[in-house]
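Just so you know, the protein sequences line up as chains D and U, in that order.
Just so you know, we're using the working numbering here: the first sequence kicks off at 4 and counts up by one.
Just so you know, we're using the working numbering here: the second sequence kicks off at 202 and counts up by one.
For the record, the hints were derived by calculation from the structure and aren't laboratory data.
Using N, Cα and C, we set each Cβ at its ideal position, and we do this for glycine too.
Derived list of chain U stretches under chain D, where covered just means 3 residues or more per stretch with a C-beta under 8 Å from a C-beta of chain D:
hint, region
1, 260-269
2, 324-335
3, 360-368
4, 508-522
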Amino acid sequence: MKRFAVFLFLVVTTGSLVSLQGQASSSSSEDRKAVKTAPKQVNETTRGERVFQQNCSRCHSAPQGFPPQISASIARHMRVRASLSAADEKALLKFLNP
Amino acid sequence: MSRLSLFMVSRLLKRMVLVAIAVEALNLSASAQNDPYVSGGAGFITSTKGGNTSYIPVIAPAFVAPIGDRLLVESRATILESFFPRGGNQSGYDHEHFADLSYLQADILASRYTTIVGGEFLTPFGTYNERLSPIWVSNFSEAPLIFSLGTMSTASSVGGMLRGSAASAEQFNITYTAFFSAASTNEQFSAQRATGGQVSVYFPKIQLEAGASYDRRLQDTHENFSGVHVWWEPAGSNLRLRSEYARGAHSLGYWIEADYRLAHFGGAESVIGRIEPVFRMQQTFRSAPDPSDGLPVANTTQPDFALDYRLPHEIRINTSYSREFSSSGNRNIWQTGVVYRFLIPAWRVR
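The shape of chain D in the complex, shown without the other chains (with noise of 0.2 Å):
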């Protein structure tokens, strides 16, 4: 018990540390900036963008690009991998390929 809350206490001060920088900071990942060269111009605010990002990227960066007839077979690998919804399935599709 006493490993686990030291476990915990270096979580949170680690995390709680660089978040002060974080705020600082104007972002912008690599896979945000991949995202936006991906295959076609995306609206940012879209639903799939956002599945995007909280699903995909925080493993693996973006693919530096991948061919259109893949991207619904991406869609659907993703949608088991990160465990998606159908409707977000359909939304990464669409950010993927719009």
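Go by the hints and put chain U onto chain D.
Chain U in isolation, oriented as in the chain D frame:
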């Protein structure tokens, strides 16, 4: 490469080709965006532990093929050759071959919120196994020390799994997983009889995820494994924090990892912006000897420092230094790797 190695690789490839042929035969209603694809990573890794250097060329292709509107077949293999110094004061290098199917599963989209998975799948415990184990994803060449806790040495299960989204809203997202695995001693589909599951909740506004995992081995000595994970990406930052805690009957441990992309220096595609320093701290604690749980035999503390560089064209260079502190001896671990990520259509569906 020995005859045995060639035999194993050819058998693995034959199985993947057979799956591909079956998928093509069944793929009658695919649309224009539903082509199967092959993705994954290929790399070359060097690892120096206590002065001994190993060289490991590796390729880990994943095959994904949708069938109709509700089915997905996916598989991932790992093929590598490890070259390592001969022991016993002998000069030169020996080599060892490894070829394995990490998973081969069929995913049925049963409802808007549930997917039924059957076959061999990655055991859903913690976050590393399912999310970070591909070589093109992970920041370090080696898995965390506690990786085998909960994943039960094979890291794969053979049986069935339910998974999906229990609730999805703008404020939070809850996901779940429940599985049962049969015991299997097949060379390519080895697994232990076990059951378990995972629940996690994600808060998009603060980009925080917390989850809990539990599973129980149901063969030999029955044993419970439990764990929690916390992931956090502070808003407006290029920093990612990931952490896991896991415990078994005779050992426990944690890792906490922070990586920061230097994108503020000229953008993510600039020379400096492609650099990604990573720090991981991990500790394991043992209460009793247990060779089956895969953790170090003595309490271990290991800080890992990495400097990764993302080159254009999906190439990444990983370098890391670790210092292992243990009552059984301290040692340095140096690792380097070049990894190429690929994503290509397998064939065009008619």
